[in-house]
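Peer 1: Residue numbers (the working numbering), protein chains in the order written: chain C, 4 to 118; chain X, 12 to 121.
Since the hints were derived computationally from the structure, they do not count as laboratory data.
Idealized CB from N, CA, C, for every residue including glycine.
You can take every hint at face value.
Dumping the calculated DSS-like pairs for lysine-lysine here, alpha-carbon to alpha-carbon at most 30 Å:
(1) C/Lys45 with X/Lys66
(2) C/Lys81 with C/Lys60
(3) C/Lys45 with X/Lys79
(4) C/Lys60 with C/Lys86
Partial list, derived from the structure: chain X residues whose beta carbon lies under 8 Å from chain C:
(5) Gly52
(6) Gly53
(7) Ile54
(8) Val55
(9) Ser56
(10) Met59
(11) Ile97
(12) Gly106
(13) Ser107
(14) Arg108
(15) Leu109
(16) Phe111
(17) Gly112
(18) Glu113
(19) Gly114
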Amino acid sequence: EPEVTQTPSHQVTQMGQEVILRCVPISNHLYFYWYRQILGQKVEFLVSFYNNEISEKSEIFDDQFSVERPDGSNFTLKIRSTKLEDSAMYFCASSEALQDRSLPFFGQGTRLTVV
Amino acid sequence: KNEVEQSPQNLTAQEGEFITINCSYSVGISALHWLQQHPGGGIVSLFMLSSGKKKHGRLIATINIQEKHSSLHITASHPRDSAVYICAVRSGTSGSRLTFGEGTQLTVNP
Chain C
4 EPEVTQTPSH QVTQMGQEVI LRCVPISNHL YFYWYRQILG QKVEFLVSFY NNEISEKSEI
64 FDDQFSVERP DGSNFTLKIR STKLEDSAMY FCASSEALQD RSLPFFGQGT RLTVV
Chain X
12 KNEVEQSPQN LTAQEGEFIT INCSYSVGIS ALHWLQQHPG GGIVSLFMLS SGKKKHGRLI
72 ATINIQEKHS SLHITASHPR DSAVYICAVR SGTSGSRLTF GEGTQLTVNP
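Pulled out of the complex, with its shape left as it was, chain X reads as follows (with noise of 0.2 Å):
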């Protein structure tokens, strides 16, 4: 079993829709990062989360530490956010190392 799992793998959505990308893992973790892979091959880091809930722009990341569980909301999509998304956890036992999901591949039609 993976140690972080991400679902769905691909989500298609139509431009304006509300996007949910969940994330799940099987470890402690100090915290859980949320990256953007764009088609190019660049990484942007979206959020560092230890707890509770943040917000940027249209992105909003909440995370659930009892239940091992985090997800991305994306509002009011737009074609723009067609991308890879990517969580990642810093695990309490594994020093600076992210451990990353596979990735949900997000395609925004307009």
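Chain C on its own, in the form it takes in the complex (with noise of 0.2 Å):
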């Protein structure tokens, strides 16, 4: 069964530093997606990416966050200037549609730790 790949599984990173979380979505699926949960907490939206291009974004997204797919096949999340709460579960999903017409698959997340 196909699957969305996150690497890595846990990533731990000093305060100020810069991360690139990476996914890689199920092949043929078109919309691509960031979640985050802080641990105890409810996921939330980050931002989707459609066409080479954010569709939306949240008002968590702010300027310390961009997401890019360099090579056709990647996903990345790349947060700048980590903070103590930017630490976190990110999910990335992918969805062949809108997730109002097909369901999004998710991958197993990065466990992103600031400390």
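Starting from the two chains in their separate frames, assemble the complex, guided by the hints.
Peer 2: In structure tokens:
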């Protein structure tokens, strides 16, 4: 069964450093998403991406964050100048169509710990 | 008030019991999703509904658009069903984002 793959599974970084979280979506999917879940809290939408551009972003997704699809298979989330409050599980997801027309498939997540 | 509210927050059942998890939302939606989050953190999509009812194995999801309410039912529950069940909505004004509920922690004891 096709799956969304995220690397690394766990990343520890020092406050102020930049991190790049990587995702390989399912190959025929067109829509890509990043979500985050702070420990003990609900999942929150960060950004959606379609046709090589951001289609929607949340209030959380400020200038500290950026996304890129550098090579047609990977989908990355870059977090610049990390803060302690960026510590969370980050989930990548992909879907064939918009989320009201097809189920999103989620990766296993990257646990980011900022120290 | 949260846009998506789930009840109960925690649910403990005995193996074999019929389980119902509820979700209410306060906005107009184009779709409602039910997801399962495993103890290790991974998320699996279970259903996407815009009307009526869907069934997959022992899982049944229903939605009442007029009442802004959805239920997830699990028949003949099993310990492997133990997980967090999350309701999420895609609202018509929000484009592609999903807004998530807090989740319901289900524990099924043997």
